[in-house]
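Residue-level listing of the chains:
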Amino acid sequence: MTQTFMEPGMSKTTDQKSNIARRSDRPVEPTIFEKDSPGLRAIDLPALDVPRSELPEDLLGKGPSWPAIGQLQVVRHYTHLSQRNFGLDGEFYPLGSCTMKYNPRINEWAASLPGFLHAHPLQNDRDIQGLLELVWNTQQFLAEIGGLPAVSCQPAAGAHGEYTALKVICAYFKDHGQSQRTVVLAPDTAHGTNPASCAMCGASVVAVKTTQGYTDIADLKRIIAEQGPDNIAAFMITNPNTAGLFDAEITKIAEVIHAIGALVYLDGANMNAVLGKTRPGDFGADAMHYNTHKTFSTPHGCGGPGWGPIAVADFLEPYLPTPRVIKNDDGSFSLSTDHPRSIGKVRSFIGQIGVAVRCYTYIRACGPDGLTNIAEQAVLNANYIAAKLCDVYEMPYFDAALGKFCAHEFVTVPRRLLDQGVSLLDIVKRLIDYGIHPPTMHWPVHDCLMAEPTETESLQVLDHFCDAMLAIAQEIESDPESIKNAPEDATICRADEVGAARKPVLVWPEG
Amino acid sequence: MQTPTDRKYAETHEWHKLDGDVLTLGLTQFAVDELTDITYVQMNDVGSAVEAGGNVGEVESVKTTSDVYCVVGGEVIEVNGELEDSPELLNSDPFEAGWLIKIRVSDAAGMDGLMDAEAYEKSCGN
Chain U
33 MTQTFMEPGM
43 SKTTDQKSNI
53 ARRSDRPVEP
63 TIFEKDSPGL
73 RAIDLPALDV
83 PRSELPEDLL
93 GKGPSWPAIG
103 QLQVVRHYTH
113 LSQRNFGLDG
123 EFYPLGSCTM
133 KYNPRINEWA
143 ASLPGFLHAH
153 PLQNDRDIQG
163 LLELVWNTQQ
173 FLAEIGGLPA
183 VSCQPAAGAH
193 GEYTALKVIC
203 AYFKDHGQSQ
213 RTVVLAPDTA
223 HGTNPASCAM
233 CGASVVAVKT
243 TQGYTDIADL
253 KRIIAEQGPD
263 NIAAFMITNP
273 NTAGLFDAEI
283 TKIAEVIHAI
293 GALVYLDGAN
303 MNAVLGKTRP
313 GDFGADAMHY
323 NTHKTFSTPH
333 GCGGPGWGPI
343 AVADFLEPYL
353 PTPRVIKNDD
363 GSFSLSTDHP
373 RSIGKVRSFI
383 GQIGVAVRCY
393 TYIRACGPDG
403 LTNIAEQAVL
413 NANYIAAKLC
423 DVYEMPYFDA
433 ALGKFCAHEF
443 VTVPRRLLDQ
453 GVSLLDIVKR
463 LIDYGIHPPT
473 MHWPVHDCLM
483 AEPTETESLQ
493 VLDHFCDAML
503 AIAQEIESDP
513 ESIKNAPEDA
523 TICRADEVGA
533 ARKPVLVWPE
543 G
Chain R
214 MQTPTDRKYA
224 ETHEWHKLDG
234 DVLTLGLTQF
244 AVDELTDITY
254 VQMNDVGSAV
264 EAGGNVGEVE
274 SVKTTSDVYC
284 VVGGEVIEVN
294 GELEDSPELL
304 NSDPFEAGWL
314 IKIRVSDAAG
324 MDGLMDAEAY
334 EKSCGN
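Residue numbers (the working numbering), protein chains in the order written: chain U, 33 to 543; chain R, 214 to 339.
Among the hints, a few may not be true.
[Unchecked claim] No more than 20 angstroms apart at the CA atoms, straight line, and that leaves these computed lysine to aspartate or glutamate pairs for DMTMM-like:
#1 U:LYS516 / R:ASP246
#2 R:LYS335 / R:ASP246
#3 U:LYS241 / R:ASP280
#4 U:LYS535 / R:GLU271
#5 U:LYS241 / R:GLU224
[Stated by the list, open to error] Label pairs and their in silico Cβ distance ranges:
#6 R:MET328 / U:ALA250: 21 to 29 angstroms
#7 U:PRO83 / R:GLN255: 53 to 61 angstroms
#8 R:GLU224 / U:ILE358: 39 to 47 angstroms
#9 U:LEU104 / R:ALA310: 54 to 62 angstroms
#10 U:ASP370 / R:GLU224: 53 to 61 angstroms
#11 R:GLN255 / U:PRO372: 41 to 49 angstroms
#12 U:ASP401 / R:GLU264: 56 to 64 angstroms
#13 R:GLU291 / U:LEU502: 49 to 57 angstroms
#14 R:GLU291 / U:LEU104: 58 to 66 angstroms
#15 R:GLU264 / U:ILE138: 56 to 64 angstroms
Hint data in this document are derived by calculation from the structure and do not stem from the laboratory. Bear in mind the structure is a predicted one, so any value in this text is a computation, not a measurement. A virtual CB, placed ideally from N, CA and C, is assigned to each residue, including glycine.
Please model the complete structure; the sequences and the hints are all you need to start from.
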């Protein structure tokens, strides 16, 4: 990018305060405070048309040191920042475990319809019938897709869904005189949110060993005996699991868990890979959550606004949160709070409606065949890349000759390349020069990369990724040092992560 | 790897050095090399009780956060304050200046299950 004109405050000199190494010919965008231009303003407020009222002395302070800045400069500032952002709308983003797939624009159209956009949470039921019908229909879809009949749309994120479902499970056991069931089992490769949700519910977590990426059933049985079968509330499993593998033993695992009176919780993070192919309710799950940003192309909220609806078996339905959207005998819809055994509210009102509209739109736009095709394409894409790379990038869980395939993502531990003296970081930073976002590193196993192409990428993009990965391997073979300074072609080359963590600059101006 | 022979080692990569009834505990070179650059160290407070086999704090690196375990029971009598401002000491000198915590030992039974330097090196694949 060529910068011909400089905004006030924009500097080409290295900023000693910031923990970044960068190319000297690329300007760093200053903070908006550094663009302070006395005399400018972004908007004109209308003249005061009520009597002026003086504030009490003790409420007056110095006030925030907001910059004076014009509207155009504000727009340029944020445009510059967005241009420095490496996003899915610009580049391939194969971040393993995160399902960075394309969010079709039709979702945005639907969410912007005035009836959804301007609905107020305190409006009377009869004035928001369309919205309630959409939520009710979405619940039916999610029940059918998961094979679990009762759905709550309240939880505000996947992890919040885990928490809500665990609360529901705890309430169920308490109601059945088994409140001593407070131990939750999870594979040692579980998402970090699993133990966190358990802790929030007052449950303790015991990790079950995995072998070759799969839950070790012998270890599961050993832990059950050790902890006492009557103390176990649930087994939490992600399937396809965090190593990108579908655990075909899941029905056996579910039998073991059900035999001791405990329940199976399915972390729905990887539902993208099994849509229309199999259903958690059919392979033994009693409760699950959806990560709609991964499965149904709602925005990756980075903390919000998110949505993590849950689906549960019939016998858990009485404990779901309220208010619930119900369909009346006359075909109308209303919000119902008359559920005495409910765990109560876990969020204000009925949930994140804007996200629900996007999820509904996606499901309707794809239809049953389209959803099934998503799973097929996601799995095919990941296996296509794995097959093209596996001779150069070792893959512990993939071996086409042995019939060992991955699901929607693959894991590589590129030992031979690492032994040449490069780090995983060097490899992924070099990918940026090829216009590709780095895959996930060091998770779920040591020294690994995990990449997930998703179903929305074309063959050309997959081939470009493979070519780039193979070219980087070549570069390492001929001169490992050559990629140590990658990326060569980015505004910011290598952030000083150690300095940023050890001596973070958290406020501006400093001090 | 130079592994000191004046102390014993846990599978979870902590070294335990017992001197009278005072135990000094730290992480091994292997552990800090695997963690890469340490950015933050948080040990349990002085005066707090330590359960044999329990967690005595955590160490954060750019790569991960790891719990630190101690095989003896007792009471925390000192934590290495130097690490608060200079966590990099743990990377540069894990066996000496980068020690983590000192414990007055009331239950030393766990020491018997630890490895000597040679067995530990072997367990790390060296």
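Against the structure, the hints:
no., hint, result
1, U:LYS516 / R:ASP246, "19 angstroms, holds"
2, R:LYS335 / R:ASP246, "16 angstroms, holds"
3, U:LYS241 / R:ASP280, "19 angstroms, holds"
4, U:LYS535 / R:GLU271, "18 angstroms, holds"
5, U:LYS241 / R:GLU224, "17 angstroms, holds"
6, R:MET328 / U:ALA250: 21 to 29 angstroms, "27 angstroms, holds"
7, U:PRO83 / R:GLN255: 53 to 61 angstroms, "55 angstroms, holds"
8, R:GLU224 / U:ILE358: 39 to 47 angstroms, "55 angstroms, violated"
9, U:LEU104 / R:ALA310: 54 to 62 angstroms, "55 angstroms, holds"
10, U:ASP370 / R:GLU224: 53 to 61 angstroms, "55 angstroms, holds"
11, R:GLN255 / U:PRO372: 41 to 49 angstroms, "44 angstroms, holds"
12, U:ASP401 / R:GLU264: 56 to 64 angstroms, "57 angstroms, holds"
13, R:GLU291 / U:LEU502: 49 to 57 angstroms, "53 angstroms, holds"
14, R:GLU291 / U:LEU104: 58 to 66 angstroms, "59 angstroms, holds"
15, R:GLU264 / U:ILE138: 56 to 64 angstroms, "57 angstroms, holds"
Checked against the numbered hints above, the structure breaks only hint 8 and satisfies the rest.
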